[in-house]
Amino acid sequence: MRPPALGRQRSAFRFNITPMIDVVFLLIIFFLVASYFIRSEHARPVSLPQTPGGQPDAADNRPHLTVTIEPDGRYSIGGQLLSQDSVVQRIQALAQSPETLPNERGQVRIRADRTARFAEVRQLIEGCADSQITSIRFAVVQPGE
Amino acid sequence: MRLPRSAEPDYGDPMTPMIDVVFLLLVFFICASAGAISQKLLPAELQGASAETAVAEASTPEQPYHEHLTVRIRLQPGTAGPEILLDDQPLDGPGMLQQRLSRLAAADAESRIVLSVHDDVPVQQFISVYDLCQSLKFQNIAFAVAGSRQP
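As they're listed, the protein sequences go chains A and B.
Counted the way our numbering counts, the first sequence spans residues 1 to 145.
Counted the way our numbering counts, the second sequence spans residues 146 to 296.
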């Protein structure tokens, strides 16, 4: 004789959600780590100037070019070291980009190390002015960061 | 006498593993966000013909900019920090520059500021002065370039 089951009758199929959460958690970690490495590869680390001003990096559809200036004055775009002439050519290419609207010639973002000389910044400003790019952004951090 | 076994209470679906995972996620995001540096952007709009706004060193007297003043801030490398000159008058430090510019901004915020920064000045000093001008709501800030670029 089969003894009666104690407690409530368990249904034939119960969906166990715990392994699914484990997998989702692993996926999230994977994508976070992967995105971190991609981002660190595309921007060389520099100590940005500290200042209380500045605006948050809002979503902007305007095409932009981010140029990093290292403490020794070298330029890099997308983690790749470039000569000054190459950077100016990239700025000119941005100004002539087909994605650029006629009245907006893109934007150049300058990530200059706080100890770098102003000369390299000035050369970028001159390159933008020569290419008729009027929108420039200087990357800064809040004091203490 | 044998006591009857009590039935197990019904706790429903087990919540503990889910709470553990949610807690782990929370800790992870808090740790990840703590290490991130929030970068901000300082806007600069080159106006009209900013390449032409280039002011050569020791240039001829400039044409008046409408009816507003034109003030030139010059930063030069010094022994103890950069030397700040406001219309060729040396200032004691950034505090005095802020004081002078505040008065100017109160009088006429549409004054034109020309930043003439020596090539050897660190970017940090340039950004500090530029941010000071922006925080005082000056509308027209131009950058001077080298005299060799003058046509």
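For the record, the hints were derived by calculation from the structure and aren't laboratory data.
Please note that the accuracy of each hint is not assured.
[Stated by the list, open to error] A short list of chain A residues far from chain B (calculated; beta carbon distances all over 12 Å): (1) Asn16; (2) Asn61; (3) Pro63; (4) Gly78; (5) Gly79; (6) Gln80; (7) Leu81; (8) Ser83; (9) Asp85; (10) Gln89; (11) Leu94; (12) Gln96; (13) Ser97; (14) Ala116.
[What the hints assert, rightly or not] Looking from chain B toward chain A, a few residues come up when the C-beta cut is under 7 Å (computed): (15) Ala250; (16) Val259; (17) Leu260.
Every residue, glycine too, gets a C-beta built ideally from N, C-alpha and C.
So, going through the hints one by one against the coordinates:
no., hint, in the structure
1, Asn16, "violated, 9 Å"
2, Asn61, "holds, 15 Å"
3, Pro63, "holds, 15 Å"
4, Gly78, "holds, 16 Å"
5, Gly79, "holds, 16 Å"
6, Gln80, "holds, 20 Å"
7, Leu81, "holds, 18 Å"
8, Ser83, "holds, 18 Å"
9, Asp85, "holds, 16 Å"
10, Gln89, "holds, 18 Å"
11, Leu94, "holds, 14 Å"
12, Gln96, "holds, 17 Å"
13, Ser97, "holds, 18 Å"
14, Ala116, "violated, 5 Å"
15, Ala250, "violated, 15 Å"
16, Val259, "violated, 13 Å"
17, Leu260, "violated, 10 Å"
Violated hints for the displayed structure, listed by number in ascending order: 1, 14, 15, 16 and 17.
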